[in-house]
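Q: As they're listed, the protein sequences go chains R and Z. Per my numbering, the first sequence runs over residues 1 to 180. Per my numbering, the second sequence runs over residues 1 to 256.
Worth flagging that the hints you see were computed from the coordinates, not collected in a lab. Be aware that one or more of the hints could be misleading.
Claimed, not checked - When the alpha-carbon atoms are kept at most 27 Å apart in a straight line, the in silico DSS-like pairs for lysine-lysine are as follows:
#1 Lys143/Z / Lys147/R
#2 Lys157/Z / Lys80/R
#3 Lys151/R / Lys47/R
#4 Lys81/R / Lys51/R
#5 Lys51/R / Lys173/Z
#6 Lys157/Z / Lys144/Z
#7 Lys48/Z / Lys51/R
#8 Lys151/R / Lys80/R
#9 Lys197/Z / Lys47/R
#10 Lys81/R / Lys127/Z
#11 Lys144/Z / Lys80/R
#12 Lys143/Z / Lys127/Z
#13 Lys173/Z / Lys47/R
Said to hold, decoys possible - Only part of the chain R face toward chain Z is listed, based on derived beta-carbon distances under 7 Å:
#14 Tyr16
#15 Ile69
#16 Ala137
Nothing here was measured: the structure is a model prediction, and the numbers come from that model. Note that the Cβ used here is the ideal one computed from N, Cα and C, for glycine as well.
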Amino acid sequence: MRRAQRREPEAFGQLYEEHFDRIYRYVMLRVRNQEDAEDITQQVFLKALEKIGSYRWRGMPFASWLFRIAHNLVVDYWKKKSREKVAAVAPEEIDEMAASPYDPAALAELNFDMEQLAAACDRLTDGQREIISLRFAGGLSVAESAKVMGKSEGAVKVLQHAALVKLRRILCPAGEEVDG
Amino acid sequence: MAERFENTLEECLEMLRQGESMEQCLARYPEQAADLAPLLQVAAATQKTSSAVQPRPEFKERSRYEIQSQLHGKERKTEPKKTSLVGWMPRWAVAVVSVILVFLVAGTGTVAASTSSMPDDTLYPVKLATERARLGLTRGDIKKARVNVRLADRRVKEIVYLARKGDSRRLDKALLRLEGHMEAIEQVIEANADRPKVQEALMALKALLEERAAENEAAIEEATNNTDDPGILRRVLERYRQRYQSALGSGWRGSR
Numbered sequence: 001m002r003r004a005q006r007r008e009p010e011a012f013g014q015l016y017e018e019h020f021d022r023i024y025r026y027v028m029l030r031v032r033n034q035e036d037a038e039d040i041t042q043q044v045f046l047k048a049l050e051k052i053g054s055y056r057w058r059g060m061p062f063a064s065w066l067f068r069i070a071h072n073l074v075v076d077y078w079k080k081k082s083r084e085k086v087a088a089v090a091p092e093e094i095d096e097m098a099a100s101p102y103d104p105a106a107l108a109e110l111n112f113d114m115e116q117l118a119a120a121c122d123r124l125t126d127g128q129r130e131i132i133s134l135r136f137a138g139g140l141s142v143a144e145s146a147k148v149m150g151k152s153e154g155a156v157k158v159l160q161h162a163a164l165v166k167l168r169r170i171l172c173p174a175g176e177e178v179d180g
Numbered sequence: 001m002a003e004r005f006e007n008t009l010e011e012c013l014e015m016l017r018q019g020e021s022m023e024q025c026l027a028r029y030p031e032q033a034a035d036l037a038p039l040l041q042v043a044a045a046t047q048k049t050s051s052a053v054q055p056r057p058e059f060k061e062r063s064r065y066e067i068q069s070q071l072h073g074k075e076r077k078t079e080p081k082k083t084s085l086v087g088w089m090p091r092w093a094v095a096v097v098s099v100i101l102v103f104l105v106a107g108t109g110t111v112a113a114s115t116s117s118m119p120d121d122t123l124y125p126v127k128l129a130t131e132r133a134r135l136g137l138t139r140g141d142i143k144k145a146r147v148n149v150r151l152a153d154r155r156v157k158e159i160v161y162l163a164r165k166g167d168s169r170r171l172d173k174a175l176l177r178l179e180g181h182m183e184a185i186e187q188v189i190e191a192n193a194d195r196p197k198v199q200e201a202l203m204a205l206k207a208l209l210e211e212r213a214a215e216n217e218a219a220i221e222e223a224t225n226n227t228d229d230p231g232i233l234r235r236v237l238e239r240y241r242q243r244y245q246s247a248l249g250s251g252w253r254g255s256r
């Protein structure tokens, strides 16, 4: 890290290789447009390069610091786009999904493509969308996600639970069986 | 109770991440299996769908190149700070000294000759150095942006030349430089959009950009029709259009 902070190409290159795909996936899920996702991903690393000298550990893992940059750029992107807010479904409710009867034999694989996933994420609250993107597209741990979002780990776990419940409800509405 | 479930869910997600099967996770928490199963399913599917998304290799490569260019650029920029000789000098003074040195070392004839050099010429680095010095010596954002408009013209000529030669490696570098000029122009336009005092100069800048863009577009289009690999120039044209249209802004109705 210190070598990267001294802008040694090889050291920064390692960080780039390690995080590039994860950042791209996270951004892609947030903006749903390949070209914009590419622009933002590139900006993340240019910004990281510009600011890396000021990065200090202080409990903030590097991945969290980098995703924080990505998060801020995504927020700026949507501000710029003046995106029409999709009417949010009731926030943070976790009991809205009727639990489907558990049958171990019926643990079929659930399948959906990126377009469906992104559309479903659009119906989540900002926080829920963020935690899904960080955890499953960015591959961050709960602790790392908590640092990006400025929340406690407990709050992130609660948010993750609510987000998964809602995603499930959107992608597999009650009554519809998962295709096996 | 609810808090315990969040923890159990996270433990199961971590187990899945470590390669355990869903059945193994659920067997460990039989009482909560009915609640856990649908969530683990959706989590696993989300993970699978997201993992399938990969950046285009050519984009990753270009981005890597840009970072490396910046890294080397930064190194050059920070070098004077390490030396006590010029570390105290303001940037404009360093630019003046650079120009004088370029003239002294290479001679005015060399510098003049370099202005028409192409990226595969030995004098091309002199051309880039004098351009940087010119930008460094220009005072005022809008004047700098006008210089960038002219430098973008040069990059377009170089791109057309490199496309004819089929030198895609140098062409990619020239395209990055072109985008750098266009971004610098856009930043100036954005930064000055709300400053009443500079509106006239800003309109003149936009008109110049629009005029040059029309001419450059025509040049790229013509070259596209006369090259064996038109795809790369189409990409250049697309990027160039996006950049100058973005710089002009959606409110721009044209100067004519």
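Q: Confirm or reject each hint.
A: Hints and how they fare:
Straight-line distance between C-alpha atoms of Lys143/Z and Lys147/R comes to about 43 Å, which puts the hinted pair past the 27 Å bound. Using a Cα cut-off of 27 Å, the hinted pair Lys157/Z and Lys80/R is violated, with the two alpha carbons roughly 33 Å apart. Taking the CA atoms of Lys151/R and Lys47/R, the gap is near 24 Å; set against the 27 Å cutoff, the hint holds. Under the criterion of a C-alpha separation no larger than 27 Å, the hint pairing Lys81/R with Lys51/R is consistent with the structure, at around 26 Å.
Taken as a hint, the Lys51/R and Lys173/Z pair is honoured in the structure, with Cα atoms around 24 Å apart against an allowance of 27 Å. Of the pairs offered as hints, the one joining Lys157/Z and Lys144/Z holds, with about 20 Å between alpha carbons and a cut-off of 27 Å not exceeded. Of the pairs offered as hints, the one joining Lys48/Z and Lys51/R is violated, with about 33 Å between alpha carbons and a cut-off of 27 Å exceeded. Of the pairs offered as hints, the one joining Lys151/R and Lys80/R holds, with about 26 Å between alpha carbons and a cut-off of 27 Å not exceeded.
A hinted pair counts as satisfied when its Cα atoms are at most 27 Å apart, and Lys197/Z with Lys47/R does not qualify at roughly 31 Å. Only pairs whose Cα atoms come within 27 Å are accepted, and Lys81/R paired with Lys127/Z is rejected, the gap being roughly 39 Å. Our distance criterion of 27 Å between C-alpha atoms is met by Lys144/Z and Lys80/R, whose separation comes to about 26 Å. At most 27 Å may separate the alpha-carbon atoms for a hinted pair to count; Lys143/Z and Lys127/Z meet this at roughly 20 Å.
A C-alpha spacing of about 20 Å is found between Lys173/Z and Lys47/R, which places the hinted pair at or below 27 Å, so the restraint holds. Checking Tyr16/R against chain Z: minimum C-beta separation of about 6 Å stays under 7 Å; hint holds. Because the beta carbon of Ile69/R sits about 14 Å from the nearest beta carbon in chain Z, more than 7 Å, this interface hint is broken. Taken as an interface hint, Ala137/R checks out: its beta carbon lies about 4 Å from the nearest beta carbon of chain Z, inside 7 Å.
Checked against the numbered hints given earlier, the structure breaks hints 1, 2, 7, 9, 10 and 15 and satisfies all the rest.
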